[in-house]
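Trainee: Given next are the chains, with one letter for each unit.
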Amino acid sequence: MKEIALAGNANSGKTTLFNYLTGANQRVGNWPGVTVERKAGYLKKDKAILLQDLPGIYSLSPYTPEELVTRKYLLEKRPAKIVDVVDATNIERNLYLTLQLLETKIPLVLALNMADLLKKQGRRINTKKLAYLLGIPVIKISALKRKNIDILVGEIQKKQAPPEIIPKYDPRLESALAQITDQLQGIVAKDELRFYAIKLFERDEQIRAELKLDAKRRETIADLIQTAEKIFDDESSSIIINARYDFISRVMDQCVIDEGDFSLSISDRIDLFVTNRFLALPIFFGVMWAVYYLSIQVIGTAGSDWLNDVLFGEYIPKFTADLLSSWQVAPFMQGLIIDGIIGGVGAVLGFLPQIMMLFLCLGILEDCGYMSRIAFVMDRIFRRFNLSGKSFIPLLVSTGCGVPGIMATRTIEAEKDRKMTIMLTTFMPCSAKLTVIALIVGTFFKGQSLAAPAAYFLGIIAVIGSGIYLKKTALFAGDPQPFVMELPAYHLPRLDNIVRYVWLKSKGFVQKAGTIIFASMVVIWFLSNFNFRLEQVPQESSMLKSIGSLLAPVFVPLGFGDWRAVSAVLTGLIAKENCVATLQVAFGNPPTQARFDQLLTAAYTPMAAYAFLAFNLLCAPCFAAIGAMHKEYGDASWTWRAIGYQTFLAYLAAMLIYQISVLASGDYSSYNVILVLLGITLIVYGLFIKKSKPQPLEQAIEMRDSEWSQR
Amino acid sequence: MQKLSEVMTRGKYVVAQVTAEHQLKKRLSEMGMVRGKVLTVITQNMQANGAMIHFQGQRLALSDSIASCIEVLSVNELAEQELKPLSQLNLKQSCLVAKIGGKKELKRRLMDMGLTQNTLVTLVNTAPLGDPLEILLRGYKLTLRRSEAELIMVREISI
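Protein chains in written order, with my numbering: chain L, 1 to 711; chain P, 1001 to 1159.
The shape of chain L in the complex, shown without the other chains (with noise of 0.2 Å):
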């Protein structure tokens, strides 16, 4: 079996390629970094190839987690070729990378992706001539509309020598490298000579704890870069750095043949809209709006009430408990079969017009490119609240479900933004705590537009002043880090993409209500029908009750100290949809939703209602998300010390909704006041009077001296 490894800037359509070539269903995106993990798959023509989808990267140098990832896949395993997807309408930044791959001297084939865009952007590429000037094949293909596939397939399959020829940079340079090259014999393989020149030469820190080189040799080489560094009045990475785009430049001159000058292409004219100074923010404001709102009161209703009060209301409950008597099956049996499984699992999947409509609007916000525009426009308003732009990409993503989100975090380059962002990211409601946010919205604020996207502004209110607490403690303290990314061009959403992507979310979303809420749904009817004695009793006696009473006074102070409540948070941690099917069972499972709603509101006022969304939203995510959490952190006090924070401010937050809702309806006690007071002093101390810890000493030293080193 051969290993192909797919290498290439971000987002320059690798996954778009691996997806067609493999038929796997990885997630695509116009953004940099939707893949940030290595996903292998067999070539769907020649199942004895498999293919490696590597993380996107502009350069071999560690310098974010992927691009770590990336090179020690590549130095470690050496697969058999390297198929170098360049975005052909950005090939000069692209060919940086690929002058990289070609010194590890692993055989390189170079797929020029969305060749098809060439021709508006006016520009033409003589392909001949780059591959003979690069010594490897070059092949134009677009991978969005399966061009050239077939060639690109044929030639992974060829055997292919080594590349070569070797770019050939500036004689005062190939001399250093040449004797760099000489102290090397016989260390490392004769193929990787060049590559592990160039290394030390750019005094690669990894690098050179790896081979272990003697004293000697280490001397020997450091004088080399120094006088190096002397000859060319230059630091010895800017020297390859500028060598390389030499290099490049004399390759574009002989292959790249631009038509005119620049001209604003329609990408260009767009961004004159999106990204304008005035016009930025207010449609950054009404494109979520309309996603949240659409999704969530318009079309989403309209669907879910028909799931709700006629598919799972009256068709299925009674031609199933038609089924069950005429089978004569045990009435407790029957109880569980339709008050227990069909209440709770059909209470979420009566959800399903809302999640599909949300991540239709979502994945045509991740393919058009306007994700990393956001990041663009937010990211100077986030800085003040100390994350960075790049933050915004996971906090979008988690609308969607917060383990993806949790995993975009590793675009973050900033170690501290990067573990903030993952404590901060599920604070925004995935679409499994949107089943929460619709069934308090449609029952207790019918009609209210800003309801819904309230719970939205919640959610970015929580990780705003958590950014602000946050970075005064002495986890987080430290300056802000640097903010360096790509604004890909725009294009149409792919119909095909998008409605993968919807098939694919609404598919594990029914599978989850299937399997994981099925479980929980047998779980709770068991909990709520039998008392201790394992006698069939009416809720109000039964196990569950006893079970949430005994939490319930914690959750006095926010309006809703009730069993039911109570055991909808707790069943929540499975899955964020139980809160839903929980209270449907826990209320005797309902006939209509018009009876539901009657109950509920019955049993809750309208903001204590609001109180048990906010800290459903706020508090600790499911166990999936945590799992991803500790994960990332690779550390189980980091995942404690979040869970913890989160739970906590959740807490806050809802009493202050229920208790200031309390005092505002003029009917309060002096308890109440102590509470909003209290609430109150901690929001203000922490945001605005906790002073900020100072940095550590010893990471202050260290800035010191690399700003030392440069002058």
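Hints are computed from structural coordinates only; laboratory data are not their basis. As the structure is a computational prediction, the values presented were derived from the model and not from experiment. Fair warning: there could be bad hints in the mix.
[Stated by the list, open to error] Under 7 Å between C-beta atoms, here's a sample of chain L residues computed to sit facing chain P:
id : residue
1  : K72
2  : L75
3  : R78
4  : N90
5  : I241
6  : N242
7  : D253
8  : D258
9  : F376
10 : D379
[As the list claims (entries may be wrong)] Each pair of labels, with its calculated beta carbon distance range:
id : chain 1 : residue 1 : chain 2 : residue 2 : range
11 : L       : D309      : P       : G1130     : 47 to 55 Å
12 : L       : F278      : P       : Q1002     : 55 to 63 Å
13 : P       : K1099     : L       : Q26       : 39 to 47 Å
14 : L       : K159      : P       : E1080     : 56 to 64 Å
15 : L       : S692      : P       : Q1002     : 49 to 57 Å
Ideal Cβ positions, reconstructed from N, Cα and C, are used throughout, including at glycine.
Chain L is fixed; fit chain P onto it per the hints.
Mentor: Structure of chain P alone, referenced to chain L:
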């Protein structure tokens, strides 16, 4: 800015603009003679005899008529100009990168992205609150914060 045909001192020049009719302009751009490229004048265009230049590793002789279509800026004159940080550029203004300061990793990253010496950079946009900046270089768009742009020292050029 002056025409290449009117250049009277040898040295390095940056192409500011090519003002030929369509066919010739296309031909010149195919040779790589486009805005932002650097050329060296070897022999000046005396008595309209044409100029000899060194351009991308090759010597080229240009007739007086072609040389007058190419407008250039003297690099030497630019070099006398004071360096200023990229963050102080006006919108739509272009510049050549001179040097990059700051921490080693950041400098490395910026150079990896193509911000090397004498690269033509244009400030195309800023975010709503004036930060971050959106710049155009090497045919693609990059965003970076004002604090990073402050580390990039440039020479303004009016092309």
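Trainee: Where does the structure disagree with the numbered hints, that is, which hint numbers, in rising order?
Mentor: Per hint list: 1, 2, 3, 12 violated.
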